[in-house]
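Asker: Chains R, W, X and S are the protein sequences, given in the same order. So for the first sequence, my numbering puts the first residue at 16; every next one is plus one. So for the second sequence, my numbering puts the first residue at 16; every next one is plus one. So for the third sequence, my numbering puts the first residue at 16; every next one is plus one. So for the fourth sequence, my numbering puts the first residue at 16; every next one is plus one.
In case anyone wonders, no lab produced these hints; they're calculated from the structure. Hints are not guaranteed to be accurate.
Copies of one chain are not kept apart here, so a pair can be met inside one copy or by any two copies together.
In silico lysine-lysine, DSSO-like type, Cα no more than 27 Å apart, as pairs [what the hints assert, rightly or not]: (1) Lys346 to Lys247; (2) Lys177 to Lys251; (3) Lys304 to Lys194; (4) Lys105 to Lys129; (5) Lys304 to Lys129; (6) Lys247 to Lys342; (7) Lys116 to Lys304; (8) Lys18 to Lys194; (9) Lys251 to Lys81; (10) Lys81 to Lys177; (11) Lys81 to Lys304.
There are 4 protein chains.
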Amino acid sequence: MEKIKIAVNGYGVIGKRVAEAVTLQEDMELMGIGDVAADWRIKAAAAKGYAVFANTEEGRKAMREKHIPVAGDLDDLLELADLVVDCAPKKFGAQNAEWYKTAGVKFIVQGGEKHETTGHSFSAENNYASALNRESTRVVSCNTTSIVRTLSALKRAGLLNKARGTLLRRATDPWESHKNGIMNTMVPEPEIPSHQGPDAQSVDPELDVVTAAVKVPQTLSHMHYWTVQLTKNASKEEVLEAFGTSTRTAFINMSDDLSANNAVKELMLDLGRPHGDMYEVAIWEDMLKVEGDELYYAYLVDNQAIVIPETIDAIRALTGTESDPQKSITKTNHSLGITQRFI
Amino acid sequence: MEKIKIAVNGYGVIGKRVAEAVTLQEDMELMGIGDVAADWRIKAAAAKGYAVFANTEEGRKAMREKHIPVAGDLDDLLELADLVVDCAPKKFGAQNAEWYKTAGVKFIVQGGEKHETTGHSFSAENNYASALNRESTRVVSCNTTSIVRTLSALKRAGLLNKARGTLLRRATDPWESHKNGIMNTMVPEPEIPSHQGPDAQSVDPELDVVTAAVKVPQTLSHMHYWTVQLTKNASKEEVLEAFGTSTRTAFINMSDDLSANNAVKELMLDLGRPHGDMYEVAIWEDMLKVEGDELYYAYLVDNQAIVIPETIDAIRALTGTESDPQKSITKTNHSLGITQRFI
Amino acid sequence: MEKIKIAVNGYGVIGKRVAEAVTLQEDMELMGIGDVAADWRIKAAAAKGYAVFANTEEGRKAMREKHIPVAGDLDDLLELADLVVDCAPKKFGAQNAEWYKTAGVKFIVQGGEKHETTGHSFSAENNYASALNRESTRVVSCNTTSIVRTLSALKRAGLLNKARGTLLRRATDPWESHKNGIMNTMVPEPEIPSHQGPDAQSVDPELDVVTAAVKVPQTLSHMHYWTVQLTKNASKEEVLEAFGTSTRTAFINMSDDLSANNAVKELMLDLGRPHGDMYEVAIWEDMLKVEGDELYYAYLVDNQAIVIPETIDAIRALTGTESDPQKSITKTNHSLGITQRFI
Amino acid sequence: MEKIKIAVNGYGVIGKRVAEAVTLQEDMELMGIGDVAADWRIKAAAAKGYAVFANTEEGRKAMREKHIPVAGDLDDLLELADLVVDCAPKKFGAQNAEWYKTAGVKFIVQGGEKHETTGHSFSAENNYASALNRESTRVVSCNTTSIVRTLSALKRAGLLNKARGTLLRRATDPWESHKNGIMNTMVPEPEIPSHQGPDAQSVDPELDVVTAAVKVPQTLSHMHYWTVQLTKNASKEEVLEAFGTSTRTAFINMSDDLSANNAVKELMLDLGRPHGDMYEVAIWEDMLKVEGDELYYAYLVDNQAIVIPETIDAIRALTGTESDPQKSITKTNHSLGITQRFI
């Protein structure tokens, strides 16, 4: 079987993880990465053996000065690829999309872009089928992915009436926490509802979900607190079973001393996960509470990692190489070691 | 008129603020403070001219070595006082209560103690009258005070059906942030519901309130996010008017760049508040949203300061020196510069 | 006696403190403040009764929309003043200087500007006399002020050979820590020596001083560690006595549990200092160590406050209203409560 | 060849890394780990296939309740081993030493213990030979290891006269930063000189080194700033060459945007290092400065990882299985991917 040829444009937090995940898929091949920088990140990419393409003339010059081998420019990279995963910073995805269309290559943009950029928003367990053979899709953002995963599970079980969530967001990513952090404060998003609720509805318009969000001074992961109005009185077991239908949702427990997001991060590192990545939504099982027809729970979202398996599935959907959602999800989960029980 | 003679036992975050607030009341007199330490905090108290009493023989010895004048022991202090405000650390209030009873002095304990310690839990705007001439009461904790203030206001307006809140707690107080902080993490309370909901019901059993709480790595204040099921469809104006009935609730606005709790703290300092204290619950006015019969809002709670006016009112209630709640509240508000509009 | 008429241009961290300090001087009068913003900070200034001038037409419009009374523009303000203290952000001081010259008003710029902007760099205890009746001067930055104060003291005692310092800098100021902080990291200045050593020499070229600097994720104050090669073997007493000759250097002690900069900040608040400001360099007395002809010590620098008394003295020097450095320093110290022993 | 049988007692930050490093050595075999806890950390160890031994009856019970298979108790583990690496918390190493002696097994303790516990302090590049066939040694702490590595290199090159360092210490380790951190502050060690200088002299008494230390609120690594009095005027090249003689010292550069310790941590993760570990002392090459006979530089110390290669070498030294220091060091370096140039 011929492998799907993948280009990754933008080698940041998401780009480097997508690139690595692609190399772990039996049905995919990484043709190279495109970027404009020439710092340690790109040097490390070259050191890993990735073909590096310079998106700008300035970038090419800088790379050469740093002795980074340059394989070509962005057009060269696109020519090699069946599909490009755009992982450029927020502002650039939409304009890159025009470039990709012109080049005639299928593409995936990140959740920082608007739904309109591709006209389709993707979350594997919810709407894989609707992305089959499309020219492009948008993998929704980390927070939205976690919302769709968990609420879709409750919806499938017929339990979801409406959900109200408070999202505690990591303030910045570890690699750039020397540049744009917040210190000894909390920064609310100025508006309630915040954008994540409507964003979840771009995947599934039936979800009745309202969110508020606030940045807190830590870099590890997001934490969500939810109050869900169920359709009926339910038992904790019913709810756990519902969440269990998502293969990318795992339970953690306070009783194991997994009592804060730094401990969960360390567990991921102890388990040998690259970068300590957690692809799963980690729901606190023993903290979860059902009272009558109300459900309360909290979970962690690894904002750097959770969209990686979704992106891999989106590749298969767009290229039509796997029409069965469950088969793609299973392949992806296996390649990344995704599990529903960490220990 | 004879002034109410007040002792403050425990000169920490709360004790020092109560002591200072007492000195600002025309109808009260600070007889002294009791403590066991002899560090810079007690030296600063002595430098302010407060009479310092040593609660232990060891403490008395340490104070003398540090050249802090010692006015006597705890019994000496209680003998001078009509009422003692207990501000000792969490574990000690209940056992101190026995001491106070034996000494025949009225007393107030802090929210860290159980309701049973005094059999009465106090929040001025809700239940001042029920504390009149009692021997003792418990001023509920900072978080609970804010909950009772705001939900009581909605209740008075006939708007409150049920309230669900997520509480982002400051991890430790600034003066001891070199000892017991958290770093680059978030620490959920292990159980949902957290204790603040039931605690609010110790003041007002009619409140239908459920809370979840999480510690975040900052020292400035707590931040609460609420989803309230109203009794009916309402306008934003109706809700603002309801909150306006609490004289200890103030509005702040994102449009003034008061966009995070560090900015609000700086405003308090700019306004000349001692320690930058904010006695009011600061509700974001422009962030607050009403959608049909659902209300969403967030506010800040200065955990070091919010209970101070409550304590002053509790003194008047217990000693029966002011039987009209509104008159006591007005006196207290005036003495501390409490306002409903900061700028 | 006629008071010196002062304008403050730029109402940020330094500007607001200079404005307040000016109001505390018997021989000075605050004519108003100039700024371009219309946020809570300017609202608070107006609430304090300061005359507010709009530096730009856009600013004037914004102020009016926010109902802030506008007293005029920058030219109007300068016309009222004998001297303007420029407290604008780093990039603007030099260009404002041209404006002030044109307006024919004496001026002071902050340490963020270059020495060349005024041709004179000021530190009261070192070179007050050389600033007498000048048209302008630059009050050196917080770090440099602390270096000049302490090393000048050792120099006066004939003890200073050479000094090598490591400067741990606060990463940002509290009021803007939601915008440009660093998180869970340390950021070295890219070059050793850092600029503070040469900057100290702009005040006193005889100082043999080399510095390295690094930002750490806290907002409270800078901390300096010094290794000094003395001119001879000395006793700890001799060194303490030398530092004691600076009236703006105070001793603190670990034995009082003043064991971290958060504790020292809280002490300043307990002492009733506005904003918890510390104008003094706080040297740890019991940590200071002399071994033979080597001296080791550490101290704290309140980066928001330390230059305020220097600025007040610089006003008297430039206007020639006090020719005796010691008399100006004493007046300033008294007005601000500056002390050599906090408790 | 028979493999050296290793027990690891204490499965914390150091213990888990020693265990994993042992499994990477061709000449060593991990017999199991001993601990008293039964939380996620031990569950993860069991999940990795390590034999788990319970050091206490209580621990055994807890492990069983958590369904962790228990291979025996500490005596059982020691019976299987030629050498035990003690990685218990600070207070326990000395008393465990007695246990090991009684059991007749060679042992290594960590730098948290006193030199007297074993009578020998180990740093591979400095004194491997002196540890040959000893019954026990102490691998010095992370900070001390970095000091001995770097100053020994200068000493070997005949350049070292005396060194004065300021050590910025991480406040706590990531896995427990929810328990005992510091926030928005800096905490100096109360005494100068701090203990690291004398500790370096326990390995090499000839080093003239004085240190001061301060905790800063981050969890990633220590950062050292040094001022070295050289024996003569030297060039930067001579100094770089001297450091280059340590195979466990690597250069990093600001010009690669490796401008803070979070960036360096991310690079280690990008390079696929387990836990993002950095075994090398990372010296900023372009920041390093020589002025006449004075040298200034800064470097990073990964406090969780730097002692791991030292421990592996110490195992070979004590067991006498490799008498040539360089051969052991080379084997260890190769197994762990230690390098002098990361990118």
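Asker: Work down the list of hints and note, for each, if the structure agrees.
Answerer: Cross-check of the supplied hints:
1. In this homomeric assembly, Lys346 and Lys247 never come within 27 Å of each other (Cα to Cα): the closest approach is 36 Å inside a single copy and 50 Å across copies.
2. With identical chains, the CA atoms of Lys177 and Lys251 are at most 27 Å apart both within one copy (17 Å) and between copies (22 Å).
3. When the C-alpha separation of Lys304 and Lys194 is checked against a cutoff of 27 Å, the pair qualifies only between copies, where the shortest distance is 25 Å, while the shortest distance within a copy is 39 Å.
4. Only within a single protomer do Lys105 and Lys129 lie at most 27 Å apart by alpha-carbon distance; the minimum there is 10 Å, versus 37 Å between protomers.
5. Taking identical chains as interchangeable, the C-alpha atoms of Lys304 and Lys129 lie at most 27 Å apart only when they sit on different chains, with a minimum of 24 Å there against 35 Å within one chain.
6. Proximity of Lys247 to Lys342 under the C-alpha cut-off of 27 Å is found in neither arrangement, the shortest distances being 33 Å within a copy and 48 Å between copies.
7. For a Cα distance limit of 27 Å, the shortest separation of Lys116 from Lys304 qualifies neither inside one copy, at 48 Å, nor across copies, at 41 Å.
8. In the homo-oligomer, the alpha carbons of Lys18 and Lys194 never lie at most 27 Å apart, since the shortest distance is 39 Å inside one protomer and 45 Å across protomers.
9. Only between protomers do Lys251 and Lys81 lie at most 27 Å apart by alpha-carbon distance; the minimum there is 22 Å, versus 57 Å within a single protomer.
10. Within a single copy, Lys81 and Lys177 get their C-alpha atoms no closer than 54 Å, and across copies no closer than 36 Å, so neither meets the 27 Å cut-off.
11. Taking the closest pair of Cα atoms, Lys81 and Lys304 come within 27 Å of each other only across two copies (22 Å); inside a single copy the shortest separation is 55 Å, beyond that limit.
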